[in-house]
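Take the given structure of chain A and dock chain B to it, following the hints.
So the chains spell out like this:
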Amino acid sequence: MSVLELRDLRVTYRTEGGPVPAVRGVNLTIESGDTVGLAGESGCGKSTIAAAVLRLLPKGTQVEGTVLLNGEDVYAMKPGRLRAVRWTGAAIVFQGALHSLNPVRRVGDQIEEAIRLHRTVTGAAVGARVAELLERVGLQGAHAERYPHQMSGGQRQRVLIALALACEPTLLIADEPTTALDVMVQAQVLALLEELQRERGLSLLFITHDLSVLTSTCRRLAVMYAGRIVEEGPSVDVFARPDHPYSAALAAAFPTIGDSASRMNPQGLAGDPPDPSALPGGCPFHPRCARAVDECATNDVALRVSGPGRRAACVHVKEAADG
Amino acid sequence: MRASYVIRKLIGAVSTLAFVAVFNFFLFRVVNRNPVDSMFRGRNLTREQLDELTRKFNLDGSKWDQFVAYVRQLLRGDLGLSFRGNRPVVDVIAEALWPTVLLVGTSTLLAMIGITIGYRAGWKRGSRGDTVSTSLSMLTYSMPEFFIGMVMLGIFAASLGWFPVGGLEDPGSTATGLEQLLDQFHHMVLPALVLAIAYVGEYMIVARSAMIETLREDYLQLARAKGMRDDEVRRKHAVPNARLPVVSLSAINFGFVFSGAIAVESIFSWPGLGQATYLAVRGPDLPVLQGLFLLMSATVILANLIADLLYGVLDPRVMGR
Numbered sequence: 001m002s003v004l005e006l007r008d009l010r011v012t013y014r015t016e017g018g019p020v021p022a023v024r025g026v027n028l029t030i031e032s033g034d035t036v037g038l039a040g041e042s043g044c045g046k047s048t049i050a051a052a053v054l055r056l057l058p059k060g061t062q063v064e065g066t067v068l069l070n071g072e073d074v075y076a077m078k079p080g081r082l083r084a085v086r087w088t089g090a091a092i093v094f095q096g097a098l099h100s101l102n103p104v105r106r107v108g109d110q111i112e113e114a115i116r117l118h119r120t121v122t123g124a125a126v127g128a129r130v131a132e133l134l135e136r137v138g139l140q141g142a143h144a145e146r147y148p149h150q151m152s153g154g155q156r157q158r159v160l161i162a163l164a165l166a167c168e169p170t171l172l173i174a175d176e177p178t179t180a181l182d183v184m185v186q187a188q189v190l191a192l193l194e195e196l197q198r199e200r201g202l203s204l205l206f207i208t209h210d211l212s213v214l215t216s217t218c219r220r221l222a223v224m225y226a227g228r229i230v231e232e233g234p235s236v237d238v239f240a241r242p243d244h245p246y247s248a249a250l251a252a253a254f255p256t257i258g259d260s261a262s263r264m265n266p267q268g269l270a271g272d273p274p275d276p277s278a279l280p281g282g283c284p285f286h287p288r289c290a291r292a293v294d295e296c297a298t299n300d301v302a303l304r305v306s307g308p309g310r311r312a313a314c315v316h317v318k319e320a321a322d323g
Numbered sequence: 001m002r003a004s005y006v007i008r009k010l011i012g013a014v015s016t017l018a019f020v021a022v023f024n025f026f027l028f029r030v031v032n033r034n035p036v037d038s039m040f041r042g043r044n045l046t047r048e049q050l051d052e053l054t055r056k057f058n059l060d061g062s063k064w065d066q067f068v069a070y071v072r073q074l075l076r077g078d079l080g081l082s083f084r085g086n087r088p089v090v091d092v093i094a095e096a097l098w099p100t101v102l103l104v105g106t107s108t109l110l111a112m113i114g115i116t117i118g119y120r121a122g123w124k125r126g127s128r129g130d131t132v133s134t135s136l137s138m139l140t141y142s143m144p145e146f147f148i149g150m151v152m153l154g155i156f157a158a159s160l161g162w163f164p165v166g167g168l169e170d171p172g173s174t175a176t177g178l179e180q181l182l183d184q185f186h187h188m189v190l191p192a193l194v195l196a197i198a199y200v201g202e203y204m205i206v207a208r209s210a211m212i213e214t215l216r217e218d219y220l221q222l223a224r225a226k227g228m229r230d231d232e233v234r235r236k237h238a239v240p241n242a243r244l245p246v247v248s249l250s251a252i253n254f255g256f257v258f259s260g261a262i263a264v265e266s267i268f269s270w271p272g273l274g275q276a277t278y279l280a281v282r283g284p285d286l287p288v289l290q291g292l293f294l295l296m297s298a299t300v301i302l303a304n305l306i307a308d309l310l311y312g313v314l315d316p317r318v319m320g321r
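Quick note, the sequences are listed as chains A and B, same order.
Following our numbering, the numbering of the first sequence begins with 1 at its first residue and continues without gaps.
Following our numbering, the numbering of the second sequence begins with 1 at its first residue and continues without gaps.
Just chain A, with the same shape it has in the complex (with noise of 0.2 Å):
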């Protein structure tokens, strides 16, 4: 049984100047075990899926489509029947330079209110539990005493890290958890993040804008644009070999490590993302897009079979066997 399933997910937000829709269609399975990476620019719509796989979207938001979590519709479930399965069905790291945590209360005693709430282990052994999890990702026991004030950037993100384990969830969304973080400690959580993921089988959905960072960790990736998955398969033939322009454009505006030419010659993409209120006809991508043809202004082409595992949408992609 596949841990999340996503079934023509559509978001669209209620705002003063009407409907915005974020996600507009989107279909995303993630198998037991499996870590799957989602990228695409801020506003593409990929931390609305996060939000939205807990329900956690703002009051109004209009959900279409289905979402299930371990098999089970998460838009059907009962207010108490949504909280026991939030934080256990699936955890959010979220990004630590945000404040994401309380400034009040010391980060132990916010990992443990997850851990009390869950009743995962009850009393005495809380405080163990808690010592544990930070321990696990290199933190002191210590450090439950503190304050997010007084931790760095790296320190916040990794007791976010312990406190999305706390519940031991079978899904693990990690939502830009690595964003605003210096380039030596990002390798850090990202090596942490992996770690982790390898010693508990978790499930992973990594979100981030940074492609490269995804090929490493996730074995699947999905590129989204405007809403929309555009391109997905194998995070490294994806990464080395992308069928649409977008993800190459993306692909390009990374550097890779060791390759000096491409260090010095960073391939930016011209133009803004486009406004979700008011996207272009055909392919929302074509205003931008270096290989866009008459047919990209009147055609929106869906995903289509690109090669082994492999979908794009782009009307340059030959429809090939899936093999």
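Because the hints were derived from the structure by calculation, they are not lab data.
All residues carry an ideal CB built from backbone N, CA and C; glycine is no exception.
Incorrect hints may have been included.
Claimed, not checked - A few chain B residues facing chain A, derived, Cβ under 7 Å:
1. LEU215
2. TYR219
3. GLY227
As the list claims (entries may be wrong) - Pairs of lysine-lysine residues, derived as DSSO-like cross-links and limited to a Cα-Cα distance of at most 30 Å, are as follows:
4. A:LYS59 x B:LYS63
5. B:LYS236 x A:LYS78
6. B:LYS124 x A:LYS78
7. B:LYS9 x A:LYS59
What the hints assert, rightly or not - Counterexamples of contact, computed for chain A against chain B with all Cβ distances above 10 Å:
8. MET1
9. GLU41
10. GLY65
11. GLY71
12. ARG86
13. ALA91
14. ILE92
15. GLY153
16. THR170
17. VAL185
18. PRO234
19. ALA252
20. PRO274
21. GLY282
22. VAL301
23. ARG304
Structure of chain B alone, referenced to chain A:
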């Protein structure tokens, strides 16, 4: 709590108080060079009698001598003599203290219901409950105390006769103990309600906006993701972060407990510090005013000190500053 933080705040409070004491001295000397002359003008007093009075009120000698004498008195807890009735200022103030603490203390506690209302309204921003309570708060907050007082007095005392029109006790009452307290309570209901109505809106509005500030914080989303109930997220994560503005406001208002409520005490003939201030201004009874000013400043400074120390407990980040 870090000792240095406490010491820093203590030093700040004590030096402010010392400054106020000095300022207070000069303020009333500048207002009136020799109040005795003007007080007793037109009465048939000999120069000797006037000099005698001047000495009695510590107005003779150079300003420096007066100042030294004033500070000495102050350190002994002596605030001098009232111009009226030859009574020590301390006695005049002490007499008015209890009624005011009873009245303003009670109404301040009542008004603090506004904090809970404000937090809940802010949490459900834009809901019907929010709209109703915010509008009501704006309405009561913008009405002057004396207006609310007159309306309440007119309805509940004059027309319906449920409550006495004024005073602390029934005139000529000899009741003591519990009976006396109940009588005072009966007299207090109207003025306390008026003050509570006048202040509840302020608490509500401050608490509401402090809560709204926290609504978009990421840690609330994290708390929800953990599987906490909505009201738990509010109580355990949002409210602790929305406390500081409310603590400041409460501190200031508790400081005013000792300055009395001048308008409401006058309307309800409540023999508290507010009325004492009113009478001292009308005198003018400068020594009493001086003593009242000192007391008000001292309580406001003390309340702020307590608020500062509370900040340190409520928000660990404050101490590092």
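Here's how the hints hold up against the structure:
1. LEU215: At about 10 Å, which exceeds the 7 Å cut-off, the nearest Cβ of chain A leaves the hint on B:LEU215 violated.
2. TYR219: 4 Å, holds
3. GLY227: Cβ of B:GLY227 sits 4 Å from chain A, so the hint holds.
4. A:LYS59 x B:LYS63: 70 Å, violated
5. B:LYS236 x A:LYS78: Status holds; Cα separation ~23 Å.
6. B:LYS124 x A:LYS78: 21 Å, holds
7. B:LYS9 x A:LYS59: Violated - the C-alpha atoms of A:LYS59 and B:LYS9 are around 44 Å apart, more than 30 Å.
8. MET1: Holds, since 22 Å exceeds 10 Å.
9. GLU41: The claim stands: A:GLU41 keeps its Cβ more than 10 Å from every Cβ of chain B (closest is about 21 Å).
10. GLY65: 21 Å, holds
11. GLY71: 19 Å, holds
12. ARG86: Per Cβ check, A:ARG86 is inside 10 Å of chain B; nearest 4 Å; violated.
13. ALA91: 7 Å, violated
14. ILE92: 5 Å, violated
15. GLY153: It holds; A:GLY153 is separated from chain B by about 14 Å at its closest Cβ, greater than 10 Å.
16. THR170: 14 Å, holds
17. VAL185: Non-interface label on A:VAL185 holds, nearest chain B Cβ at 19 Å vs cutoff 10 Å.
18. PRO234: At roughly 30 Å from the nearest Cβ of chain B, A:PRO234 sits farther out than 10 Å, so the non-interface label holds.
19. ALA252: With a cut-off of 10 Å, A:ALA252 remains clear of chain B, as the shortest Cβ separation is near 32 Å.
20. PRO274: 25 Å, holds
21. GLY282: Given that every Cβ of chain B is farther than 10 Å from that of A:GLY282, nearest at about 35 Å, it holds.
22. VAL301: Since the minimum Cβ distance to chain B is about 35 Å, A:VAL301 lies beyond 10 Å and the statement holds.
23. ARG304: Non-interface label stands for A:ARG304: nearest chain B Cβ at 35 Å, farther than 10 Å.
Checked against the numbered hints above, the structure violates hints 1, 4, 7, 12, 13 and 14; every other hint is satisfied.
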